[in-house]
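Model the placement of chain G on the given structure of chain X, informed by the hints.
So the sequences go chain by chain: X and G. The C-terminal residue of the first sequence carries number 634 in our numbering, and the numbering is unbroken. The C-terminal residue of the second sequence carries number 294 in our numbering, and the numbering is unbroken.
These aren't lab readings, by the way, just hints derived from the structure by calculation. All C-beta atoms in this analysis are idealised placements derived from N, C-alpha and C, irrespective of residue type, glycine included. Treat the hints with care, as some may be off.
Stated by the list, open to error - Derived coverage of chain X by chain G (criterion: at least 3 residues anywhere in the stretch with Cβ under 8 Å from a Cβ of chain G; other residues may be distant):
#	region
1	551-565
2	573-586
3	594-605
4	608-616
What the hints assert, rightly or not - From the structure, some residues in chain G lie toward chain X, with a derived Cβ separation under 10 Å:
#	residue
5	V29
6	R64
7	V104
8	H175
9	A182
10	Y205
Listed below are the residues making up each chain.
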Amino acid sequence: MDLKTREVEPTPAERAAIDAVLGTDESQGAHDRTGGQSSRVRRHLLLPTLHALNDRVGWISPPAIDHVAERLDVSPAEIHGVVTFYGLFSTHERPARQVHVCVDLVCRIEGGTRILPDGAHPSPCLGMCEQAPAVLVTDAGDPGRRTAMGGVMGDQLKELAAGMPVSAPERRTTASVPQAADPGLVLLRRAGGGDPLDFDAWVADGGLRALDRAREVGPEGVIELIDAAGLLGRGGAAFPTARKWRAVRGQGATPRHLVCNADESEPGTFKDRVLIENDPFALLESMTIAALAADCARGWIYLRGEYPGVEATLMSAIERFRAEGILGADFDITIRRGAGAYICGEETAIFNSIEGFRGEPRNKPPYPFEVGLFGAPTVVNNVETLMNVPSIVLGRTTSNRRLFCLSGAVAVPGVYEVELGLTLGDLIGLAGGLRPGSELQAILLGGAAGRYVAPDATDLVLDDDSIRAAGLTLGSGVVMVVDQHVDLVDQIRRIAAFFRDESCGQCVPCRVGTVRQEEVLERLANGVRDGQVELLADIGRAMTDASICGLGQTAHHAIESAVVTLGVFRR
Amino acid sequence: MNDVPVSIRDTDPLPTVTATIDGADVTVAAGTTILQACGGRDGEIPTLCYGDTITPKNACRLCVVEVEGSRALAPACSRPVEADMVVRTRSERVDHARRMVLEFLGSSVDLSLTANVTAWNAQYGVDLDRYGADAATVARPVKVDNDLYVRDYSKCILCYQCVDACGEQWQHSFVIEIAGRGFDAHVSTEHDVTLPDSACVYCGNCIQVCPTGALVPAVEFDMRAAGTWDEDRQVVTETICGFCGVGCGLELHVQDNTIVKVTSPPDNPITHGNLCIKGRFGFQHAQNRPG
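Just chain X, same shape as in the assembly:
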């Protein structure tokens, strides 16, 4: 390949940002000796390099793209394709201060339908629904600053957009985990219990015991324990975790990879953030056990870019684990920061994103256990799935504990940990029931990719079998309570807009179907009825049946349930 660039030098700030990731050595000799291969093997550093540029100067300029192209021996067109894929990057110069205002389901209720001030722009769900309305403020500079903030109302939003300095947000553990300090908690047992980065306190509280036990019983022993507990993946597909680990362990190719999917982006979901904020070491211990069991040498945490606080916490925790010698020798963990793309939570799109490509899902088969990250056998597990591992290995729990993200018109929104088998009504009761003055209109189960249920569904028993029998999914544990004040038509139009924005564009049913779905909803909202409900169903069925990945396959579910089950257009 002959690279062609415009030979315009990047600015000193851009060059410094690039060098901070790729190093300053630009020896042409090594490049030429290998025909560029020595540069191209570092392509997985593309996303971190783009983040460094974005953090430092606020946008990705043409000379910066050209310079990165030369450093990585990747064509500028490819890098341009990657940059334009991600919502947090810009190829146009913009002010250093960016205010990303969540306009998704919960925040649009709590913040009202907001007219955004100059300097602020709409963002999909920021994963802070229990603190709605939320914003993410980014300040490009050296160092750049990124701050996620909850409870930001009108005047403060205006001030932020105008450039008001941001102070670090306080930790609000008890606000996010209303059950904090309940002795029955397993996954959230550390919530509200002091500094989550106090390693000694964590060890004193039982940290590392599961890893010791795992080393005693060995990989097969661990897998048997996980198998016996019946742990199912919490990412939405409910695949048996033990089977996944065993399949990867049985593959010949090395090095195998373990990817922790922390790209939590399903609207209404914030449990993984709360889990990591409260117990970062437990996630690292869980990953170390999983890597032992599935025989993985490299671990990755793919963390959504909208969680700066979680990233800082994890980086500190990883450093401590390395200092303690737990990470670094046989197994190490790298954090990869996402850049604003819901689709990257898909289990194969996440590989493309880590490798420095557009986050488009891959064709399956082959499945990740055979051909995954960098073409090697790979385990992909959700944060909550992994967090179940230590207590199972220690025999302290079965796998029936699940987290739910309660938001909307409940008295006490937050993450709740429960034993499966209670009813939806019980769960809402746990969150203090409805707010005073609220009447139940509907409940969104499983997020934008889930379905609405009617008020009479409060008897629904929350366990995998009952949920499946009802044609529902627990998905990422979203329970969004919608009261009589909410305009459901506005909600489903937002869901349609969300999927239209977040479709990667690879396959026709999703790329065009999400647009057509939104157009039909607009006509329906404007009172056009003739054939539109039937057209909507036709569109939805094609997306569900024929899309490549779960995004397109679920992009109609919530809307279908609102139209068919709740009858929003029959009123």
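Coordinates of chain G only, in the frame set by chain X:
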């Protein structure tokens, strides 16, 4: 390299798999796709993004079929036949998906130069009117920025074939890539620079694989615009390129005793349909007639 298992010899039969396709047992070599098992592009399964020489991206989803036990429909172009697989290439569900793919594309993309679409639209009962006059489209200005070919992305279905032909599957120039996301996704050079400002070498291998006429040689584009392009009056003559010693196979498309286009057969063992700038565009000297 001595690690090839001695049990595999040239004379050994290839491993095969047997599946049931539309009720009939079909035995094919392992690795054969459902589409290949059903006659490839000449069979009954419609395809759009599937090309002769590019690994399919299965992006258009027109070739979807039902595979028993699979929740979603499967792309016939990419899914290998597996032992005991039960496949239905036509069903109400399959036909619905194909109809909708044709409606989605027909209502958003100019398919006027795409082969077979009219027949498929009739076969699958396509109704484009129901999307209304305001339906979003990918319409955008035609890009004419060089003398050799024209890019009309209003006709682009994002099959990825030009990107792959320019990139790692053939030319290794990496001049174009998909940029943007979702409905805004489009084929682009970096920052949308013109082809002369890009690393393009004008091999035209992107034109060769384009199934929708979004990429056409400038001569063809101009003749179409003038209303003089007439494939019924064209004769295709096969020959060997005379520019160098490689011996690429050429197809000269001749209309009114004038070469109007050069292609290469996709099944040519030397070119696989690919040419260089000279072979594909360097034909004017053959017809410099006294004025």
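Now for the hints, and whether the structure bears them out:
Figure legend: the region 551-565 of chain X, annotated as covered by chain G; annotation consistent (3 residues with Cβ-Cβ distances under 8 Å, at least 3 required). Counting residues of the region 573-586 of chain X whose beta-carbon sits less than 8 Å from any beta-carbon of chain G gives 8, enough to reach three: the coverage restraint holds. Judged by the Cβ-Cβ criterion of 8 Å, the region 594-605 of chain X is covered by chain G as claimed, because 6 of its residues qualify and three suffice. Counting residues of the region 608-616 of chain X whose beta carbon lies closer than 8 Å to any beta carbon of chain G gives 5, which meets the minimum of three for the stated coverage.
Hint status for V29 of chain G relative to chain X: violated, with the closest Cβ pair at about 19 Å, above 10 Å. A distance limit of 10 Å between C-beta atoms decides the matter here; for R64 of chain G the minimum to chain X is near 4 Å, and the interface restraint holds. Because the smallest distance between the Cβ of V104 of chain G and any Cβ of chain X comes to about 5 Å, under 10 Å, the interface hint for this residue holds. Taking 10 Å as the C-beta cut-off, the interface hint given for H175 of chain G holds, the closest approach to chain X being about 5 Å.
The restraint placing A182 of chain G at the interface with chain X holds, with a minimum CB-CB distance near 4 Å, inside the 10 Å limit. Against a cut-off of 10 Å between C-beta atoms, the interface hint on Y205 of chain G is violated, since the closest Cβ of chain X lies about 13 Å away.
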